[in-house]
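The whole structure should be built from the sequences, with the hints applied where relevant.
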Amino acid sequence: MSSVTAQKRSQTLVIVSTTLVVIWLILAAFPFLWTLWGSFKVQADFFSKADWTNALTGTFTEQATGSAFTGRAYYGAWVQEEFWLAAVNTVIVVFCVVVISLTLGTLGGYALARSGYRYAFWLLMVALVFRAMPHITLVSGYLLPFFEWNLWGHLPTSIIVLVAINQPFTLWMLHSFFLNIPKDLDESAMVDGCTRFEAFRHVIIPVMWPGVITTGLFSFLLAYNDFAVTAMLLSQDNQTMVPKVASFLGSTFEEGNVMFAVASVVSATAPLFVLVLFFQRQIVSGLTAGAVKG
Amino acid sequence: MPHRTFLWFILPSLAAMILFIFFPIISVVIQSLYVEHEQVVITSENCGPFGCQTETTVDLEATQELRDAQPLGRFNGLGTYVNRGHLATQELATAWAESESLGAFWGQVMNLPFYRALAFTLTYTFVCTPLVLGLGLAIALGVNGLPRVFRGPTIFFSLLPMIVTPLIGSLILFWMIDAEGIIGKSLQVLLDDPELSLKASPTLTWITLIIYGVWSSAPFAFVIFYAGLQTVPGETLEAAMIDGASRWERIRYVVIPHLAPLAVFVTLIQLMDNFKVFEPIVGFSAEASAQSLSWIIYNDLRGDTQRFGSAAATSMLTIIGVAILLSPVLIRTWRDFNRKRV
Amino acid sequence: MTSRMLANECKLRRFDLACLRPRGRVTCGSGHKQIAPLPGVRGQQGDMGTMMTLRLGALSTAFAALAATTAIASCPIESGSIRVLSNEFGALRAVNAAAADCAGEGVEVVLNQTTEHRDLQVAALTPNPAEYTSAVVANSSIVPLMNEGLIRPLDDLIAEYAPDLPKLNQVSVGGNVMAIAFMANAQHLYVRTDILEQVGKEIPTTYEEVLDVLAAIEEAGIMEHPFAMNTKTGWNLGEEFINMYLGHGGEFFKPGTAEVAINNETGLKTLEMLAALNAYANPDFLTFDSNATQALWESGELAVAYMWGSRGGGMLDDEGSTPEVVNNTKLVAAPTVDGGSLPASTLWWDGFTIAKNISDKDAAATFQAMVHGIGPATVEANQSEAVWLSSAYQPGPQAEGVSATAQAGAKPYPMLPYMGLLHTALGNELSAFLQGQESAEQALADVEAAYTEAAREQGFLQ
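Chains as they are written, first to last, in our numbering: chain B, 1 to 294; chain W, 1001 to 1342; chain P, 2001 to 2462.
Treat the hints loosely; a few may be bogus.
[What the hints assert, rightly or not] What follows is a set of in silico ranges between Cβ atoms, one per label pair, in the way DEER data are often shown:
1. P:2153 x B:275: 52 to 62 Å
2. W:1052 x B:95: 52 to 62 Å
3. B:23 x W:1193: 18 to 28 Å
4. W:1066 x P:2261: 17 to 27 Å
5. B:65 x W:1191: 31 to 41 Å
6. B:65 x P:2078: 39 to 49 Å
7. P:2078 x W:1074: 22 to 32 Å
8. B:119 x W:1327: 47 to 57 Å
9. W:1331 x B:205: 32 to 42 Å
10. W:1074 x P:2261: 21 to 31 Å
11. W:1194 x P:2276: 20 to 30 Å
12. W:1070 x B:202: 31 to 41 Å
13. B:151 x W:1193: 38 to 48 Å
14. W:1191 x B:149: 52 to 62 Å
Because the hints were derived from the structure by calculation, they are not lab data. Even for Gly, the Cβ is constructed at its ideal location relative to N, Cα and C.
Encoded structure:
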């Protein structure tokens, strides 16, 4: 009797939770799908003050191009404005930031997790304080020295800055992850005559990937979406995607090409879809193996 | 681990942080204690395409002398911290002395830029953080109950609010919530109020910003909780089932305690990030109704005349604010750490 | 520097036409041509006093009548380095591309066209040698460069390389030419003639008439919110106050000092007028920037609007709007207010400066290249991109508003060392009043308090 009610209750729970997921999916994906749809319209339709249904029917798109859909925005962004150059720069920046962040972060996080001394704790605290510093203040502080020392405008400078700014988060996450890898693992290797670094290389590295990949996802998103650092520290030749997109938006005085921005953002999201699908198993098992501890 | 090994492992990471965060923070602290030296202003006749005007300019030579004498500017102590744009101690004291009622005093306090910003920042932080935690957990539980095939795409679509560049994400949402936009119009129909505009009233603007904040941060909490769910020990769950625990009871007594350390981590990061809220305010053109501490810093640095000293003081106040907010969590971590050492 | 030269030169993507052409002999076409000055106008050039009204007149339809010759700057430039920092939009791209075109073999060309230029310029021009040899600025953004002494007087360069450069283009501060202006801009009125006809009103020339027209439109039930101006909290709102306050004949500071003086009768009248106008605007008006007002105009929701002249081209083209709106859109002068004689608007120019912390050789190279960049060839090829301050400019309908406003005697945006601080304070402190949360007196007192504190921090006040 009681098991039947329990089952019923659990069935309701399944329905409730599935409904919740579906609602969330709509909320999460709808603005993006709307953007995807709108990227094939002209600005007057997608950004209409008169009637939002223009974006559905494409009144002005039809008027301007003779069809309800147009690839103009994509052509404008990729061919006319050479958005691909910014895309290449972004790939370089993001790749380097993720690799360097993770390398530094794993070494540091491992040390913090294995050191029993008080200063390890205080280092973690200080890292948190570092993270509290608003990026915009940091960046405006960099400007003058970077110009003086001729470091401004180059990709490596921005990469190092992004790595440094992201280090506190990376350290925290990886440190918590290493706490969950049993100490016996590397300590027994050291008993067998390995140095600390050899133990790290041969014993820890093979089991750490899941956690590292998860941390990598967040490093990736930080570098990929960053505006404050890249807009202020990169010259025009080295511009990445987000500042480039911002430059499409126009200013008080000048009209921009907002549709170029929309098309760029949509096309920049497509490769991420592949990436997330490819890595989602690792992402999940990553956090699985090394649950983050507060 | 011996000190020397520890040092070698942490060195690269530490060096990066010292160079690019610690030194700048020191310089920010110093900057916040100084104000610019006196600028010598002279009257000049300025001409351009639109005729001549009698205006003023900075006398460069005279100012340069002052500058050479005091390269850092004039020492101001904590003066910048307590002036009207920051803690406004004097203005507060006057308001307290002059106000007849608490309400009048509150009105005066809210007229000071720092406290106006602090009010929004704290509201945003304390409303957003629990909602993000709750929503993230709920989605994680929901997705965990889905058949395996659906999980991959679901994770991707759930991550979208985080992936789409906030710059464009908020721009498009801003047009969607316009009175003539798809969301704005739908709300008008749903609430049967043809005059409803999310952009016009301060209250609605705050609500919009908070909803956006939850929407864009929920994926972060979701990914971490979802992964944490994968590690819930199967035996404990089975034991609970045998004991006749319902699904809800299992979540309450097994799953949630297991996720507690994760929740602490997410809370820590969310409190900090929400306290630094900035992008949505610019994205939604919400400056009229909602200003945050980070926005004040941005505003000081993005004028024709950049106010470094003022921005430095607000930045330090932000750091102190974050430290106060996080202290309960940190004390907990400190206890954990000491327990582990023993 | 030299190691960067060639590498950088061809990394230039869009703009380095020299990279696409055979190396060496880049000819700069019409740049050398001397346009014969029109008889009778030449005499006006030197005399500043009598020039003023004439010059402003020249801004209107008679650009071409102004005596102008292109400089004798010689292209291609043989040596030096040209490094330009500028904002990012069509007209500046054209100028920069033409300037880059002037670089001969072995001349380094670096362009950085970015929306963040204002935040970079001071730091970029401070080191010696400076990162950029030229910064393209406007009336407001030249101020921080002058406050720090980062740009050089151009008189010698003009004498040597562009002796015929019209006075119109020269921006001088205390007798030294500090910038060469090449574009003009202003906010002015846009009206829908068909709507005015419907309510039987003339095109308004004062704000009192504007209010009258708006009342009539609302009464006739034609539009719910017939008016808009760029009132987004922050820079835009501050600019509207400044325009309206100048229209009322106000002075922002006690003469010759940095002491603010806006909390007075004029300030109150200004706020009253802004509130009265925005009563006819959409309740969202505190979020209105140029993008929003332009979209509103193009969707036909507005009958009268106060917007930037530089947006006129976009609103008069056949894209994004209906023929009904486009054909009836007229750009007219900014109105006067409260019986004043000057239009309630400020005039803006864009121009280039030359950095101080660079070698004279680089300065000469950059100056010549930029003079070529703003030459007639650029203007002729980009007539609709801007309101050019050039004899080669043939103003179209999109320039009518700016010209009329300038002609009516609007003042330029004040080039004061502390104007930016007041502008920021105005932009932030006035929205509470416009939302109806505080009194006009309180709002003005807040502005003064915020400004005074900022000016103290910056050393302008003690």
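Results for each hint:
| no. | hint | verdict |
| --- | --- | --- |
| 1 | P:2153 x B:275: 52 to 62 Å | 55 Å, holds |
| 2 | W:1052 x B:95: 52 to 62 Å | 56 Å, holds |
| 3 | B:23 x W:1193: 18 to 28 Å | 23 Å, holds |
| 4 | W:1066 x P:2261: 17 to 27 Å | 26 Å, holds |
| 5 | B:65 x W:1191: 31 to 41 Å | 37 Å, holds |
| 6 | B:65 x P:2078: 39 to 49 Å | 48 Å, holds |
| 7 | P:2078 x W:1074: 22 to 32 Å | 48 Å, violated |
| 8 | B:119 x W:1327: 47 to 57 Å | 20 Å, violated |
| 9 | W:1331 x B:205: 32 to 42 Å | 34 Å, holds |
| 10 | W:1074 x P:2261: 21 to 31 Å | 25 Å, holds |
| 11 | W:1194 x P:2276: 20 to 30 Å | 25 Å, holds |
| 12 | W:1070 x B:202: 31 to 41 Å | 58 Å, violated |
| 13 | B:151 x W:1193: 38 to 48 Å | 55 Å, violated |
| 14 | W:1191 x B:149: 52 to 62 Å | 58 Å, holds |
The structure shown violates the earlier hints numbered 7, 8, 12, 13.
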